[in-house]
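Chain by chain, the residues:
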Amino acid sequence: MLNLVAINAAYIVAAGLFIFGLKMLGHPASARRGNFLSALGMLIAIVVTLLSEGILTWYWITICALIGAVIGAAAARLVAMTAMPEMVAVFNGFGGAASLLVAWAALFESHSLFVAITVTLSVVIGGVTFAGSVIAWGKLSEVMTSRAIVFNGQRIVNSLILLALLACAVMFCLEPSAQSPYLYGVIALALILGIFVVIPIGGADMPVVISLLNSYSGLAACAAGFAINNIILIVAGSLVGAAGIILTNIMCKAMNRSLGNVLFSGFGAVKTATKVEGEVKPISAGDAYLILEAANSVTFVPGYGMAVAQAQHVVCELGELLEAHGCEVSYAIHPVAGRMPGHMNVLLAEANVSYDQLVEMADINPRLPSIDVAVVIGANDVVNPSARDDEGSPIYGMPIINVDEAKTVFVLKRSMASGFAGVDNPLFMGSNTRMLFGDAKASISEIISEFKP
Amino acid sequence: MELTFVYLALILVLAIFLGFELISKVPATLHTPLMSGANAISGITIVGALLAAGSSENTSLATWLGAAAVVFATINVVGGYLVTDRMLGMFRSRTDKTDE
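Just so you know, the protein sequences line up as chains A and B, in that order. Residue numbering for the first sequence follows the working numbering, beginning at 1 and increasing consecutively. Residue numbering for the second sequence follows the working numbering, beginning at 1 and increasing consecutively.
Watch out, some of these pointers could steer you wrong.
Stated by the list, open to error - Over 12 Å on every C-beta distance to chain B, these chain A residues come out as not near it, computed from the model:
(1) V102
(2) S146
(3) N152
(4) A167
(5) F196
(6) I234
(7) V240
(8) H343
(9) K452
Unchecked claim - Think about it this way: if two alpha-carbon atoms lie no more than 30 Å apart in a straight line, the pair counts; the simulated DSSO-like pairs of lysine-lysine are:
(10) B/K25 to A/K407
(11) A/K441 to A/K281
(12) A/K452 to A/K253
(13) B/K25 to A/K23
(14) A/K253 to A/K23
(15) A/K441 to A/K407
As the list claims (entries may be wrong) - With the Cβ distance kept under 7 Å, some of the chain A side facing chain B (calculated, not the full set):
(16) A10
(17) L56
(18) G68
(19) G72
(20) A80
(21) I246
(22) N249
(23) E360
(24) A362
(25) N365
(26) P366
(27) P369
(28) D372
(29) P385
Derived by calculation from the structure, the hints in this document are not laboratory data. Built from N, CA and C at the ideal position, the CB exists for glycine as well.
Take these sequences, add in the hints, and give me the full structure.
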């Protein structure tokens, strides 16, 4: 049995390991050890908690922890890298749900006003995180439509839910009890609010939502920490909360939109973009090969379409062939390419691209005018020049990768449908642009076969 | 009681600032593992879940809530750390590759 001082001392060690772990996650070479340190911190926190005087029986703990560990390990092992966004969404949701339940259970220990307020916060944030994450998972895994769901009076409905939630929360705090009907009301309304907050957000805005839900899952743990008077929950929860907010901010900046704009406006409600008139110039895989074969520098610009087509492995193979030809190959990655922050980097790393070839937007743009061929694979908005040039465009002001400045641009596209945001892309009509129509994976495989006579 | 709250609030404020400082330096390349790694840390709520699930010999509603929380939080912790490790194992530099 450990006393309170020993336990809190161990919690401080755990907090230190989390902090070091997060710091080491900042560099590819040390990131894996950083994650290990953070896991070690978690293990210490769990072990000392199990040895504390507060734990009288391990019966349910053992059963439940085994179930959770098996599910978690299996999911972590089996998930495809393309499905990482929905996986992280689900894990966020589970963290939120756990915090909700922990806060609820805390009410059996104490009913003070302070506990009631922190429990309410934890339940609301945890409930919104859980329900929101389930909807985000549904959208990302295409169980439900990934488009924004908007209806008339949506804001009024949301305001009413929020008002009812506030009313229930106040009533509960006036007379706190673990079986108060107002507590049930708070839980139910928090879940409903979570659903309504995420349904109007379209697939292309998912990186913002996942970052935000990640932040919420930390804040829910933090609030639960106040409810049960536990420092490690407060420290770890607020670290995660801050991390999520930073990522949310980076994602919003990368789209030149405010958080409010992402959350409350179904994207592209007003379309005033000037339709670009012009002719697209298709190219065959054979001709594309001839140009690539002569190129000295090639940049690949992947988007979510690469993940959908599962083309990352053939892209990497083509990259290696080009390098063998003495060509300089890089991969330019926009911060919001894909469905979660850094999604494309993980896919390319899985396909064996080394991380020193993964270039951020700010670093590639000055180099683009001297690059022979930019190959756009399944990306649209993040390379759309109207974001830079056309003030009427819905995405005007969003920073883009200036592929149109490269000497030649190949755009791999299934057909001539417009991209996710429904914005016409003048890049496709550019004088230096060649369209390679068809499935990205098949097109690239065809070019690869030209390299191997 | 009031002083405890002040201490806890102080810890909160410092941890948030520290979080901002730590994360704003992470390169975009590592955003996905960072997010899933941070997500695993948010599973720290497992500590509260263990206390709730193990605090009574009699099975009460609090035990059930705690037990359910243990399941959710363990999935979050175990899955989060393992999947982050799996991802980070894929990030290799050119020199790592030539060493093989």
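These are the hints, each one checked on the structure:
For A/V102, the non-interface assignment is contradicted: its Cβ lies about 4 Å from the closest Cβ of chain B, within the 12 Å cut-off. The non-interface label for A/S146 is consistent with chain B: the shortest C-beta to C-beta separation is roughly 19 Å, beyond 12 Å. With a least CB separation of 35 Å from chain B, A/N152 remains clear of the 12 Å interface cut-off, as annotated. Here A/A167 stays apart from chain B, with its beta-carbon at least about 24 Å from theirs, past the 12 Å limit.
With a cut of 12 Å on Cβ distances, A/F196 stays outside the contact zone with chain B, its closest approach being about 22 Å. The claim that A/I234 is not at the interface with chain B is violated, since a C-beta of that chain comes within 12 Å of its own (minimum 5 Å). Under the 12 Å C-beta cut-off, the non-interface status given to A/V240 relative to chain B is violated; the minimum distance is some 4 Å. Residue-level check failed: A/H343 sits 6 Å from the nearest beta carbon of chain B, not beyond 12 Å.
Its beta-carbon lying about 22 Å from the closest one in chain B, A/K452 satisfies the requirement of being farther than 12 Å from that chain. Simply put, B/K25 and A/K407 have alpha-carbon atoms about 33 Å apart, too far for the 30 Å limit, and the pair is violated. Distance check on the hinted pair: A/K441 and A/K281 sit about 20 Å apart at the alpha-carbon level, within 30 Å; holds. Only pairs whose Cα atoms come within 30 Å are accepted, and A/K452 paired with A/K253 is rejected, the gap being roughly 43 Å.
Of the pairs offered as hints, the one joining B/K25 and A/K23 holds, with about 9 Å between alpha carbons and a cut-off of 30 Å not exceeded. Between A/K253 and A/K23, the direct Cα distance comes to roughly 23 Å. Compliance with the 30 Å bound is thereby established for this hinted pair. Our distance criterion of 30 Å between C-alpha atoms is met by A/K441 and A/K407, whose separation comes to about 24 Å. Checking A/A10 against chain B: minimum C-beta separation of about 11 Å lies over 7 Å; hint violated.
Because the beta carbon of A/L56 sits about 5 Å from the nearest beta carbon in chain B, less than 7 Å, this interface hint is met. Given the 7 Å rule on beta carbons, the hint for A/G68 holds: about 3 Å separates it from the nearest Cβ of chain B. Restraint check, A/G72 versus chain B: the minimum CB separation of about 3 Å is within 7 Å; hint holds. At its closest, the beta carbon of A/A80 sits 11 Å from a beta carbon of chain B; the interface hint therefore is violated under the 7 Å criterion.
Taken as an interface hint, A/I246 checks out: its beta carbon lies about 4 Å from the nearest beta carbon of chain B, inside 7 Å. For A/N249, the suggested interface contact is broken, since its CB lies about 9 Å from the closest CB of chain B, more than 7 Å. Because the closest C-beta pair between A/E360 and chain B is about 5 Å apart, less than 7 Å, the hint holds. Hint on A/A362 is violated. Least Cβ distance to chain B is approximately 9 Å, over the 7 Å limit.
A hinted interface residue such as A/N365 counts as satisfied when its beta carbon comes closer than 7 Å to some beta carbon of chain B; here the least separation is about 14 Å, so the hint is violated. Because the beta carbon of A/P366 sits about 17 Å from the nearest beta carbon in chain B, more than 7 Å, this interface hint is broken. The interface hint given for A/P369 is violated, since its Cβ lies 22 Å from the closest Cβ of chain B, which is over the 7 Å cut-off. Because the smallest distance between the Cβ of A/D372 and any Cβ of chain B comes to about 21 Å, over 7 Å, the interface hint for this residue is violated.
The restraint placing A/P385 at the interface with chain B is violated, with a minimum CB-CB distance near 22 Å, outside the 7 Å limit.
Of the numbered hints listed earlier, those contradicted by the structure are 1, 6, 7, 8, 10, 12, 16, 20, 22, 24, 25, 26, 27, 28, 29.
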